[in-house]
Amino acid sequence: MSHRQKYIVAVVLAYVLLALSWIFLSDHLLLLVISAEQLLMVSMLKGMLFVLVTAVGLSLALKNVPQSFHPETNVLPLTHRQSKLRDYLVAGLLVSLMISFRLLLPVDVAEKPMMILQLLPIILAAVLGGFGPGLFATLLSTMAVAWIARWALTGAEQSLYIQLQWLFLIINGVTVSWLCQLLRNSARQAGHQQRLLDAVIEGTDDVVFTKDSVGRYQLVNQAACRAFGLEAGQIIGRTDVELADPAQVVSWQQNDAKVMQQRRVLHFQEQLQQADGSSQLYSVSKGPLFDHRQQLSGIFGIARDVTVMVGQKRLLQRVLEGSEQGFWEWDIQQQRMQVSERFETMLGFLPGEMQIQPEHWPELLHPADYPQMMESIQQHLDGVKPMHEAEFRARCKDGSWRWILSRGKIVTTSPDGKPQLLAGTHTDIQQRRQNEEALRLAEMMFAGSYDGIMLVDADNQIMRVNPAFCRITGYSAAEVQGKSPAILSSGLHEKTYYQQMWLQLQQHGFWRGEIINKRKNGVVYTEMLSISVVRGAQGQIRQYIGIFSDISHLKAHAAELDKVANFDALTGLPNRRLLLTRFNQTLIRALQMGQRCAACLIDIDGFKQINEQFGNAFGDRVLLALSHQLQGALRHDDTLARSGGDEFVVLLSDMPALPEGNHIVKRLLQAVNRPLLLDNIEIALTCSIGVSLYPDDNADPDTLLRHADKAMYQAKEAGRNRIQWFDPAHEREAQEHRMMLEQLEEALRLQQFVLFYQPKVNLRSGAVVGMEALIRWQHPQRGLLAPAAFLSFIEGSELENRFGQFVLQTGIAQAADWLSQGIWLQVGINISASHLLQEDFAGQLTGLLQQWPALTPDQIELEILESTAIQDLAAARQALLRCQALGVRFALDDFGTGYSSLTYLRQLPVHCLKIDQSFVRDMLEDPDDHNIVSGVVQLAQVFDREVIAEGVESMAHASALLALGCELAQGYGVAKPMPAAQVAGWITQWQARQDWRQLVG
881 MSHRQKYIVA VVLAYVLLAL SWIFLSDHLL LLVISAEQLL MVSMLKGMLF
931 VLVTAVGLSL ALKNVPQSFH PETNVLPLTH RQSKLRDYLV AGLLVSLMIS
981 FRLLLPVDVA EKPMMILQLL PIILAAVLGG FGPGLFATLL STMAVAWIAR
1031 WALTGAEQSL YIQLQWLFLI INGVTVSWLC QLLRNSARQA GHQQRLLDAV
1081 IEGTDDVVFT KDSVGRYQLV NQAACRAFGL EAGQIIGRTD VELADPAQVV
1131 SWQQNDAKVM QQRRVLHFQE QLQQADGSSQ LYSVSKGPLF DHRQQLSGIF
1181 GIARDVTVMV GQKRLLQRVL EGSEQGFWEW DIQQQRMQVS ERFETMLGFL
1231 PGEMQIQPEH WPELLHPADY PQMMESIQQH LDGVKPMHEA EFRARCKDGS
1281 WRWILSRGKI VTTSPDGKPQ LLAGTHTDIQ QRRQNEEALR LAEMMFAGSY
1331 DGIMLVDADN QIMRVNPAFC RITGYSAAEV QGKSPAILSS GLHEKTYYQQ
1381 MWLQLQQHGF WRGEIINKRK NGVVYTEMLS ISVVRGAQGQ IRQYIGIFSD
1431 ISHLKAHAAE LDKVANFDAL TGLPNRRLLL TRFNQTLIRA LQMGQRCAAC
1481 LIDIDGFKQI NEQFGNAFGD RVLLALSHQL QGALRHDDTL ARSGGDEFVV
1531 LLSDMPALPE GNHIVKRLLQ AVNRPLLLDN IEIALTCSIG VSLYPDDNAD
1581 PDTLLRHADK AMYQAKEAGR NRIQWFDPAH EREAQEHRMM LEQLEEALRL
1631 QQFVLFYQPK VNLRSGAVVG MEALIRWQHP QRGLLAPAAF LSFIEGSELE
1681 NRFGQFVLQT GIAQAADWLS QGIWLQVGIN ISASHLLQED FAGQLTGLLQ
1731 QWPALTPDQI ELEILESTAI QDLAAARQAL LRCQALGVRF ALDDFGTGYS
1781 SLTYLRQLPV HCLKIDQSFV RDMLEDPDDH NIVSGVVQLA QVFDREVIAE
1831 GVESMAHASA LLALGCELAQ GYGVAKPMPA AQVAGWITQW QARQDWRQLV
1881 G
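Residue numbers for the sequence shown, in the working numbering: 881 to 1881.
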């Protein structure tokens, strides 16, 4: 009978016993508290109570029905076989002893049976033997009590109290037996489970332990004892700090704290230092322990020694990393694909970033490779191929394609033989494919190259040649294989040539140059050969690669081009290009040896007439004959070149200094002067020769030739048929002049020029009648410069008019500014001849005056030099008249320094004569200067012109001028030139001065 059936039988019997007890005893119990009449009234309630109690009992019983597949379950203690015979004997003995003990007590059994004493043997029998012995003890006890107290139970003296005690003895005995059997079953199951747990814990190689809340070990298994190298008693009750190295314990305690803080199972890796110094690595799972109040009481841990596994994993990882392989696994049933990190990283993805599942394969694989890839897999699945192997292009993260070699095979099949799992590798073959493509292209280049290629081994034996080699040399590949490249030698090179070639190959691994070889038919040819050394991993020479091209036709063509490029087609002389090359060489040699050299440029005088008279062909013959005569006059190291037309250049090396060098050049002049006889026509020629001498003229070849050309033109201007030597000093002055003009132009652009003003006063009245505008240069390095430092460079240049326009515009603007301040001053502005004689000068002046309408034209006085006015009297007079019509005044500056006549003075419409300061400055000491000043004053009076004296250095000069009738003056004795901003203040000071007042006092 199964436990399930036994359980059902036990429940039915318990129900029957309970029902019978209820039927027989319920009425008796109720009569103790109610009358017989009332019993009839509560019978229905009694039935309902019975139904309710039985319904609850049946419900609990049904909930605890054992499952049919758990035969070991023993919920009800009805298996008497679990109790031994001795347990029943002990139960009977205990009951007998207790009955005997009761009978020995001096208390009447009939009146007081003391049934509670019988519970003790029942409890002991149930505890020692279980349900069976307990129930047996209950049966014996009730029977014995029933016999002893039979009169009180069923006799005429029956007592309800005794009956109830007897009934509860039965109930308590059964209950105690039941409960004891449950305890025995629970203890037996707990023991069984404990033995199973102990067997598992002690049998496992994993370390199992528990700790209390302060970290003391409470339980450890044998694996933990082996790990620590201690007995369990030496571990329990101690902490990690007491058992292991404190340095490594820190991380253990931190992990314990995390588990207790987060109150969940966590996984760690922890190291344990062994007694022999080795270190074991454990994979540890730690979780929290709770007491019956769900309070945290400690932690448990399960640790597995993964030292070997981690080592193997690391070894495998190193192997994987070293092999650069990516691994994959495909679950065919679940259509799930897994790949290693290496496969993802080789395509530029981060681990876990790729969409690798089969539905994404069409996106991952190149469209051209996808069908072949799937066909290879399918053939392996069908058993056609022993393994899957295919090459395909996979899409990288950046969108590019990368070649991958995929290999794999079935590793797991189902019981019916169907494939379940495929596994394999992915290999990056991008470099291999590139190498294969490079080899293919190299082979194509080797075979298709127009240049000859030969591969020579380290023993200098030809290994392989290409078709171009055969075409150029005339040898077939079979004829040269295994032979030395010397088979092509022409014998035209010296041994030192080849020695240098091999030396460079040994030192640099490369040689390139021209070499003359011989074809199979004996014809020599020139080739451009490049030789490269191929070395092995240890640096040893493995092969030589020679690449050459036939440049014979290029050499011939180059010779023709060289002749055309470097020699004159008519005379065969070097042209200007070759001349410059030789000129550079001559200069280097002269510099090294401390010699002189000269460039002579020869131009034939009037050669155009010969061409016009006799024709160009005859003229060419004359030039050819002349070149022969000039060559005859040269020394061995000299060079004659034709620069074009009728010009020749002679480069003379090792030239002596002048005048000895002039004799050598004179021979060239004499060679040209020697008559030529062509077609019975005698031709007499002359020439102009310009010479530049190095290093006196320390310049480059181009500059020396330009200087010689300048000297040649000077010779022509001087009368022709002569020699002119270039003067470097004069050239330097001209260059300095040009540089100064460039600086002046830049200074004008940067507005570095300013105007200073020198007062003009009336010595008799003290009135300030005007200001003369004088230019100054505010040089950034040299400071303020007077006109003498730069005006001479401007005269006659293109800058002269621009400077004049600047002075004119600035002076007029300043006069208008003073007028706006209430100061009426006449401003004198110096004008150059070229500026004045410009056609639009009057128009420019008109435009300037219109810009300041408040300014009256007579406030502007234009000062012109006397020498300027008399160079072109008619033009100057017309220009003055046009400007005079505008209302401006004119003054004749530096009067007396020119050669003007009274007629000029009468015709020029000037208002004022300015006596030059050279006369005024010395008039007190030099009577002649005094007379000149007196004459000019009288002349001005005769022609009704104003007169003003320049250079008045003192009041003594002023007094003498007043005595001569000259009242207007300017000079340092009055005031030095000053900036415009100081003029107003000076006027106030002048009015307060006493020295000029004493002149008229």
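If you are wondering where the hints come from, they were derived from the structure by calculation, not from laboratory data.
The reader is advised that the hints may include incorrect statements.
[What the hints assert, rightly or not] For lysine-lysine, the following BS3-like pairs were computed, each having C-alpha atoms within a straight-line distance of at most 25 Å:
#1 LYS1375 <-> LYS1363
#2 LYS1298 <-> LYS1277
#3 LYS1488 <-> LYS1546
#4 LYS1289 <-> LYS1363
#5 LYS1488 <-> LYS1435
#6 LYS1375 <-> LYS1398
#7 LYS1546 <-> LYS1590
Results of checking the hints against the structure:
About 20 Å separates the Cα atoms of LYS1375 and LYS1363, which keeps this hinted pair within 25 Å; it holds. Distance check on the hinted pair: LYS1298 and LYS1277 sit about 35 Å apart at the alpha-carbon level, beyond 25 Å; violated. Restraint check for LYS1488 and LYS1546: satisfied, since their Cα atoms lie roughly 24 Å apart, inside the 25 Å limit. Only pairs whose Cα atoms come within 25 Å are accepted, and LYS1289 paired with LYS1363 is rejected, the gap being roughly 52 Å.
The hinted pair formed by LYS1488 and LYS1435 fails the criterion: a straight-line CA distance of about 39 Å is larger than 25 Å. A hinted pair counts as satisfied when its Cα atoms are at most 25 Å apart, and LYS1375 with LYS1398 qualifies at roughly 17 Å. A hinted pair counts as satisfied when its Cα atoms are at most 25 Å apart, and LYS1546 with LYS1590 qualifies at roughly 18 Å.
Going through the hint list in order, the structure does not satisfy hints 2, 4 and 5.
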